[in-house]
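Protein chains in written order, with the working numbering: chain A, 12 to 511; chain B, 252 to 547.
These are computed hints drawn from the structure, not numbers from a lab.
From the three backbone atoms N, C-alpha and C, an ideal C-beta is built for every residue, glycine too.
You may find that some hints are simply not true.
Distance ranges between label pairs, derived from CB positions [stated by the list, open to error]:
hint	chain 1	residue 1	chain 2	residue 2	range
1	A	V136	B	L387	21 to 27 Å
2	B	F264	A	P497	46 to 52 Å
3	A	D502	B	F382	43 to 49 Å
4	B	D365	A	A150	35 to 41 Å
5	B	L536	A	T361	25 to 31 Å
6	A	T111	B	R509	19 to 25 Å
7	A	I255	B	L525	39 to 45 Å
8	A	Q322	B	G513	57 to 63 Å
9	A	A217	B	F264	32 to 38 Å
10	A	V77	B	G513	40 to 46 Å
11	A	F100	B	F382	43 to 49 Å
Listed below, chain by chain, are the residues.
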Amino acid sequence: MASSFLSKLSFWPRWFWRQLTSMRNALLLLLLLAIAAVPGSVYPQRSADPNGVAVFYDNEPELAAVLDSLQLFDVYTSVWFSAIYILLFVSLAGCVLPRTKIHYVALLAKPVQTPANLKRMPEYVTGTGNETVLDKALAVLKKRGFRVQKQEGSVSAEKGYAKETGNLLFHYALVGVLIAVGAGGGLSFSGQRVLVEGDTFVNNLASYDSFSPGALFDESQLEPFSLTLDEFDVVYDLANRANIGQPIDFIASITADLGDEIVTDEIRVNQPLAATGANVFLTGNGFAPVITVFDGEGNITFAGPVVFLPQDNNMTSLGVIKAPDAIPEQLGIIAFFYPTAEKLVSGAYTSIYPDPISPLLTMNVYTGDLGLDSGVPRNVYALDTTNMELIAGRNGKAPAIELEVGQSAELPGNMGSVRFDGLLRFASLDIAYNPGGIWVLVFALLALGSMSVSLMVPRRRVWVKVLEGGKIEYAALSRRDDPDLPNVLQDIVTEIEKES
Amino acid sequence: MTQVVLNESLSQFSLLFVSSAMAFLALALVLFSFQLVKLSTAGDEVVAGKADRLSTSERAGFVMLWVATLVLGAGVVMRGIAAGRVPWANMYEFSISGAFLILLIYLTALKIRDLRFIATFISGFALVIIFAAVSLFYVEVQTVMPALQSYWLVIHVVVAIMATGFFSVAAGLHIFYLLKASGKAKALFDRFPTLVQMERVAYRFNVVGFVLWSFTLIAGAIWAERAWHRYWGWDTKEVWTFIIWVLYAGYLHAMATRGWTGKRAAWLGLVAFLSVIFNFTIVNLFFKGLHVYSGL
Ligand code: HEM
Chain A
12 MASSFLSKLS FWPRWFWRQL TSMRNALLLL LLLAIAAVPG SVYPQRSADP
62 NGVAVFYDNE PELAAVLDSL QLFDVYTSVW FSAIYILLFV SLAGCVLPRT
112 KIHYVALLAK PVQTPANLKR MPEYVTGTGN ETVLDKALAV LKKRGFRVQK
162 QEGSVSAEKG YAKETGNLLF HYALVGVLIA VGAGGGLSFS GQRVLVEGDT
212 FVNNLASYDS FSPGALFDES QLEPFSLTLD EFDVVYDLAN RANIGQPIDF
262 IASITADLGD EIVTDEIRVN QPLAATGANV FLTGNGFAPV ITVFDGEGNI
312 TFAGPVVFLP QDNNMTSLGV IKAPDAIPEQ LGIIAFFYPT AEKLVSGAYT
362 SIYPDPISPL LTMNVYTGDL GLDSGVPRNV YALDTTNMEL IAGRNGKAPA
412 IELEVGQSAE LPGNMGSVRF DGLLRFASLD IAYNPGGIWV LVFALLALGS
462 MSVSLMVPRR RVWVKVLEGG KIEYAALSRR DDPDLPNVLQ DIVTEIEKES
Chain B
252 MTQVVLNESL SQFSLLFVSS AMAFLALALV LFSFQLVKLS TAGDEVVAGK
302 ADRLSTSERA GFVMLWVATL VLGAGVVMRG IAAGRVPWAN MYEFSISGAF
352 LILLIYLTAL KIRDLRFIAT FISGFALVII FAAVSLFYVE VQTVMPALQS
402 YWLVIHVVVA IMATGFFSVA AGLHIFYLLK ASGKAKALFD RFPTLVQMER
452 VAYRFNVVGF VLWSFTLIAG AIWAERAWHR YWGWDTKEVW TFIIWVLYAG
502 YLHAMATRGW TGKRAAWLGL VAFLSVIFNF TIVNLFFKGL HVYSGL
């Protein structure tokens with residue numbers, strides 16, 4: 012028969028649904044989620060530590076490939092992790108929606124019918140009195156915030172609906188968090204820019220050194236603003252011998268043109284600039300020596316600040332200069348910068364303090380083919396010396412070039428000269444925006460608040476019943492663990508009897 | 252950020268106080284253990300009607316525990332003054348502040364509920380923490396790196412430590428619950444509160460801990476947004492904070508699920524607490540991530 016066929020057909024989905032929305036399975040899914048999150052802390056994750064993944068591949072390529080096929084480098088966006096939390100949230104909806112309806116009905120309804128046998132309630136005491144006790148009970152319980160109803164020979168009272176309201180709100184707020192995280196991630200963007208003192212950043216795609224947009228990002232989201240790095244300062248700990256040289260503050264002094272106003276401000280590590288449609292964070296810093304390179308014919312082939320990447324705590328820094336237009340041959344320079352240089356016995360230099368007290372620039376100079384014409388994008392921080400010849404530097408024809416600020420030096424073989432004009436600092440800035448963030452916060456706080464209410468508010472029922480012969484029964488029941496219940500009932504009884 | 256002048260001699264005094272707190276804790280532990288032995292061998296007549304009275308050894312134990320707490324508290328405060336900031340910016344400091352808060356929470360809770368029976372656990376646990384702090388995690392007072400100079404550090408970390416304090420008391424209750432439920436040493440465990448009472452008190456402590464932990468998680472995300480430009484990035488420490496949160500949410504669910512209360516819930520609470528310990532020790536020391544502040 013059709014109907015039995017249909018009921019058979021709907022058996023499995025219904026069975027599945029009932030399983031999914033049972034408390035026991037919600038619990039198992041929660042535990043599964045906790046376990047599934049663990050590998051993400053064991054293996055490097057592409058989102059948080061792409062370099063770690065690359066290193067893993069270098070060290071153990073075969074294992075890495077296996078792990079990668081299991082998405083263990085992308086745990087939190089993996090199919091299996093997503094499956095667990097999606098199931099969990101489907102289960103949550105299936106659990107919370109019907110409960111909302113039941114709770115709504117309960118909110119409108121009167122307190123329950125007084126049970127026939129109050130002796131079976133967890134808290135039960137008796138007293139004496141007559142029908143007038145019921146009116147006293149009504150008043151006393153009402154004053155205590157109970158919802159009350161006078162019934163045939165008894166009073167039924169209930170309190171603490173906020174427990175269930177809070178619990179439901181909490182679970183809805185979790186859904187809110189999930190949606191805000193997802194939507195916000197899609198609309199967000201973040202980008203990086205290295206800015207030397209005196210330089211200006213203009214907020215358009217071309218100005219970013221790197222840029223990673225969310226899936227729903229649109230270029231028109233970039234609000235027009237610009238920002239000039241006026242000065243960069245590092246404050247070192249000078250007061251404590253053990254910490255000498257430890258930075259205690261980084262300060263980027265900036266002037267920002269926000270469209271309607273021009274502001275001067277400071278960006279620090281925990282203190283981003285709130286620009287229009289983006290926050291600007293300080294993520295790194297270093298030195299940018301200003302260098303001029305002349306070629307063999309005396310033309311300037313390179314001039315300006317060069318961003319040097321810090322290599323250690325005392326800011327020994329590495330920089331690269333490429334002069335493709337130099338005549339007679341292209342020039343490439345790998346340079347080291349030591350803010351406070353000290354010569355080691357080996358003849359090499361090291362920096363012994365991160366602030367520029369006796370700054371020194373050393374250069375290894377190459378001539379030949381920079382390899383820039385081959386069309387392959389080249390890293391500006393690396394020099395490919397395969398087709399080049401070392402003309403000055405360790406193991407070269409001439410020794411490495413050493414310059415203090417203001418000095419210049421000739422390159423061997425009439426290849427030109429170099430000059431160390433001055434010293435600037437640079438700041439690495441992150442420009443990031445996530446419109447979902449504020450909503451995540453709102454829902455998270457809502458979850459926190461409603462959960463606290465749900466966990467702290469007790470849900471109690473109290474009954475007062477007049478029996479034949481002047482005996483009064485008082486009973487109380489609580490929805491969950493409620494150690495105060497006996498005292499509460501006793502107080503209520505005392506109060507009612509006092510009024511009588 | 253103004254220059255802070257570290258006071259190294261005061262920090263030495265602080266270390267002296269923290270170390271001597273260990274001696275008092277050890278004494279308290281011995282006295283409480285003695286009490287347990289006495290209880291498990293005593294006949295019924297000793298205990299009947301006297302359950303609420305403190306025996307001499309127990310009273311002496313609590314005096315020692317109070318002394319240990321005050322001495323440790325003095326050490327923690329001095330450390331903060333010596334460093335010119337709150338005393339919880341590296342593992343040594345988390346540990347001593349944490350041990351102090353655990354003791355304080357326990358001693359305060361004693362005024363409300365009779366939790367004497369886990370006194371051995373609390374004094375032993377605090378002793379282990381301080382011992383680890385002094386022998387493994389000790390670092391001289393330092394100024395903190397710029398990323399840690401934030402009032403979110405103060406809020407986020409102090410609430411995390413408080414949550415841990417509540418979780419610790421609950422963990423002690425879980426352990427004694429499971430011991431009692433195993434049916435061994437009946438003579439001793441018969442003197443303790445009933446299983447239902449233990450379970451309820453453990454639940455209360457875990458509830459408070461869970462609310463505080465949820466706050467820690469949110470405050471951490473706000474701080475991460477300030478310091479690292481994203482509120483959440485699955486950094487190892489964030490992963491473990493999340494795991495712990497989910498495990499305790501699981502515990503709360505278990506307590507509301509038929510067939511999952513009792514021993515299962517107690518085990519789950521213990522597993523969650525072990526993740527708290529794991530997060531604090533192994534993750535801090537050996538896992539790679541942005542949260543490098545063990546100071547080691
Ligand atoms: C994202 C997944 C979930 C999380 C993180 C979560 C978390 C929590 C937390 C923390 C509590 C205690 C706080 C409170 O009572 O407000 C709670 C209670 C509760 N949850 Fe969930 N939950 C989830 C999913 C579910 C699902 C799928 C169900 C239905 C099967 C469910 C049913 C309940 C019930 C009935 C309570 C009340 C327990 C009591 O009376 O103490 N939850 N949940």
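Evaluated hints:
The given range of 21 to 27 Å is broken by V136(A) and L387(B), whose C-beta atoms sit roughly 56 Å from each other. For F264(B) and P497(A), the hinted distance range of 46 to 52 Å is satisfied, since their beta carbons lie about 49 Å from each other. Here the CB-CB span from D502(A) to F382(B) is close to 47 Å, well matched to the stated 43 to 49 Å. Against the hinted window of 35 to 41 Å, the Cβ-Cβ separation of D365(B) and A150(A) comes to about 36 Å, which satisfies the hint.
A beta carbon spacing of about 30 Å between L536(B) and T361(A) agrees with the range 25 to 31 Å that was offered as a hint. Taking the beta carbon of each, T111(A) and R509(B) are about 22 Å apart, inside 19 to 25 Å as hinted. The beta-carbon spacing between I255(A) and L525(B), approximately 41 Å, falls within the hinted interval of 39 to 45 Å. Checked against the hint of 57 to 63 Å, the pair Q322(A) and G513(B) passes, with Cβ atoms roughly 59 Å apart.
Here the CB-CB span from A217(A) to F264(B) is close to 59 Å, at odds with the stated 32 to 38 Å. At roughly 41 Å, the beta-carbon separation of V77(A) and G513(B) lies within the given 40 to 46 Å, and the hint holds. Between F100(A) and F382(B) the beta carbons are some 44 Å apart, a value that agrees with the proposed interval 43 to 49 Å.
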